[in-house]
Structures are given as C-alpha cells and as structure tokens.
Amino acid sequence: MAHPAKSSLLNRLFPQEEHLTNQFFSGEDLSSSTLFTHISSPGLFSASKAPFSSSSFREEQLRPNDLFRACFANFSNDTAKSKPHEEKPARRDALEQLREAFAQEGVELYTSVASKLAEAQQEITSQISDFATMSSSMAADMDELYANLSYPLSTTLCHSKNFPRATIEVHLANVKEDLRKAESELQGLEREWQDNVQLEQKLRQELLDMEGNPAQIREHGHHSEDDLKKTGFRQEIEQIVAEAAQALDEIDEGYREGIQALTMKMMQAMRAD
Numbered sequence: 002m003a004h005p006a007k008s009s010l011l012n013r014l015f016p017q018e019e020h021l022t023n024q025f026f027s028g029e030d031l032s033s034s035t036l037f038t039h040i041s042s043p044g045l046f047s048a049s050k051a052p053f054s055s056s057s058f059r060e061e062q063l064r065p066n067d068l069f070r071a072c073f074a075n076f077s078n079d080t081a082k083s084k085p086h087e088e089k090p091a092r093r094d095a096l097e098q099l100r101e102a103f104a105q106e107g108v109e110l111y112t113s114v115a116s117k118l119a120e121a122q123q124e125i126t127s128q129i130s131d132f133a134t135m136s137s138s139m140a141a142d143m144d145e146l147y148a149n150l151s152y153p154l155s156t157t158l159c160h161s162k163n164f165p166r167a168t169i170e171v172h173l174a175n176v177k178e179d180l181r182k183a184e185s186e187l188q189g190l191e192r193e194w195q196d197n198v199q200l201e202q203k204l205r206q207e208l209l210d211m212e213g214n215p216a217q218i219r220e221h222g223h224h225s226e227d228d229l230k231k232t233g234f235r236q237e238i239e240q241i242v243a244e245a246a247q248a249l250d251e252i253d254e255g256y257r258e259g260i261q262a263l264t265m266k267m268m269q270a271m272r273a274d
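Using our numbering, you'd call the opening residue of the sequence shown number 2 and step up by one each time.
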C-alpha cells in the first residue's frame, strides 16, 4: 500500500545512511551474503526450497500468509547456513527492519480499510434511518387515509371558517332547514303579492265603473272639485300599486338570488372540506 507522504517500503528496508551501507557491504563475501542479493535472487521463491517443491502444490496451497511465512523461512534458513559470525547481527537487524516494515504496512492497510468500512457503514446506516423515517411517515398517512375511508360519508366531520364543525349529515340538514325557511318566506311574499294584485284589480274596476256610469257623471257634474279629487286619488292609487309591484319584484328577485348564492356557497364549502 503506497503512501505518498511516507517513505516507501524499500527505503524502510534499505536506508541510505552511511553506517548501514558500510555494514551491508563490509566483509569478504559481499555478493552472496547481502540482504539485497537474497531478496533479488530468484531462489527466494524458487520451487527448489521445501516445502514448495511441487508447482501444483504451490498453485493450490500457497496464500499471501504462506508467502510471508516462506519469505521469513527463507531468511531464517539463509541466516542459519554457513556465514561469517560478524555478519549475523547485521542480518538480524535487516530482518527486524523487514518485519517492522511489513507490520507497519499491514497496520496502515488495516487502519485505512477499517476507516473506509466504518464510513461506508455509517453512510448506509444514515440512509437506512432516512428510509425508515420516510416509510413511517408514509405509513402514518396511509393509516389516516384508510381511517377516513372507513367512515361513512354521512358521519364524516367537516368544518370551515364560515360554519361550525359538524358532520355532513348535520350540514345537509341545516341547509335543508334554511331552504325550507326561504320557501316559507317566498310563499308569504307571494300571498302579499296576490293580495296587492287583487286590490289593484278592485280599484281599477271601481274607477272603470265610476267612469262608465253617465248618470253618476251628470249627477256629480257640478262637483268639479270632487272630480279633481277622484282623479288625484286614482293617480295616487295607481302610483302606490306600481311602486308596490316593483318593490315586490325586487324583493322576490333578491330572495331568489340570495338563496341560490347561499346554497352554492355551502355546497362549495362542503366540497372543499
């Protein structure tokens, strides 16, 4: 595992200090006894060394841990062979550096992998928590929806700023009662209208009778003042009747529009709720 900010494994194994170089390259048999020769030589991982004498056995049994063990075993065997007594401490130091370098690289690799796994686990846990929260919210909404659907429409509560909270059945009953009252008022207005119409017809008939009787006209011919009064009285009656008829028409139209607007408003409010 490479770390740009740190020294490489090769630099840790073979530092370039002057005294360590003198230790490695001092002696009579430098080409055959140095650690670099053992590492770079093909005999380190060759099939001639036990227990890796068979290539098929290596393909089936060799694992990374076995490879490290084989590496350490080769260094141990090479160290145990015939070597000058003065080179053993230097070889021992080199092997110790190799072990420490492998151990440090392993710790760094493990720490990096463990950190990434912890971050991934934390992210997955956060996503699972968010999904659980969203699922709980959706489940609550679905429960509320099914609870509303399970109630009959007549028992469903509805409310608004314009009318109190009650069931749809109660609101419809109130609307029906308001319509009944409006119809009763319209019937009363219609009776008043009919009475005014009958009164108008009666007055007209009396005026026609008075105008159509010549004897009565001759009898009261000398009473010009009375005729003027009658004419004024007739005009006044006609004006009163016309105003009353117009007022009744306006009242009738206003009540009809008010009832229709009230009905539409209440129906729209119930639909909105």
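Source of the hints: derived by calculation from the structure; they are not laboratory data. Among the hints, erroneous ones may be present.
What the hints assert, rightly or not - Taking CB as the label site, the calculated pair distances span: (1) E186 to M143: 44 to 50 angstroms; (2) A248 to D210: 26 to 32 angstroms; (3) L173 to D210: 50 to 56 angstroms; (4) E254 to R166: 32 to 38 angstroms; (5) N163 to D210: 53 to 59 angstroms; (6) Q123 to R93: 40 to 46 angstroms; (7) Q247 to A174: 34 to 40 angstroms; (8) L96 to S127: 25 to 31 angstroms; (9) D210 to Q247: 25 to 31 angstroms; (10) L96 to S116: 42 to 48 angstroms; (11) D179 to T156: 18 to 24 angstroms; (12) S130 to L180: 14 to 20 angstroms.
Predicted model only: the values in this text are computed from it and were never measured. Virtual Cβ for every residue (Gly too), placed ideally from N, Cα, C.
A248 versus D210 beta-carbon gap, inside 26 to 32 angstroms or not
With Cβ atoms ~28 angstroms apart, the hint holds.
Check the following: the C-beta atoms of L96 and S116 are separated by a distance inside 42 to 48 angstroms.
violated (30 angstroms)
Using the beta carbons of N163 and D210, state whether their distance is inside 53 to 59 angstroms or not.
holds (57 angstroms)
Evaluate the given range 40 to 46 angstroms for the C-beta pair formed by Q123 and R93.
Between Q123 and R93, where Cβ atoms are some 44 angstroms apart, the hint holds.
Verify the CB-CB distance for E186 and M143 against the hinted window 44 to 50 angstroms.
Given range 44 to 50 angstroms: holds, Cβ gap about 48 angstroms.
Range agreement (Cβ of R166 with Cβ of E254, hint 32 to 38 angstroms):
Holds, at about 34 angstroms.
Starting from the hint 14 to 20 angstroms, judge whether the C-beta atoms of S130 and L180 obey it.
violated (56 angstroms)
Taking 25 to 31 angstroms as the stated bounds, is the beta-carbon spacing between D210 and Q247 within them?
holds (27 angstroms)
In this structure, is the beta-carbon distance linking L173 and D210 contained in 50 to 56 angstroms?
The hint (50 to 56 angstroms, Cβ to Cβ) holds, given that L173 and D210 are roughly 55 angstroms apart.
Given a hint of 34 to 40 angstroms, does the C-beta separation of Q247 and A174 actually sit inside it?
Given about 37 angstroms between the Cβ atoms, the range holds.
Is it true that the C-beta distance of L96 to S127 lies inside 25 to 31 angstroms, as the hint says?
violated (46 angstroms)
Just tell me: holds or violated, for the beta carbon distance of D179 and T156 against 18 to 24 angstroms?
For T156 against D179, whose Cβ atoms are near 22 angstroms apart, the range 18 to 24 angstroms holds.
Violated hints, in rising order: 8, 10 and 12; the structure is consistent with all others.
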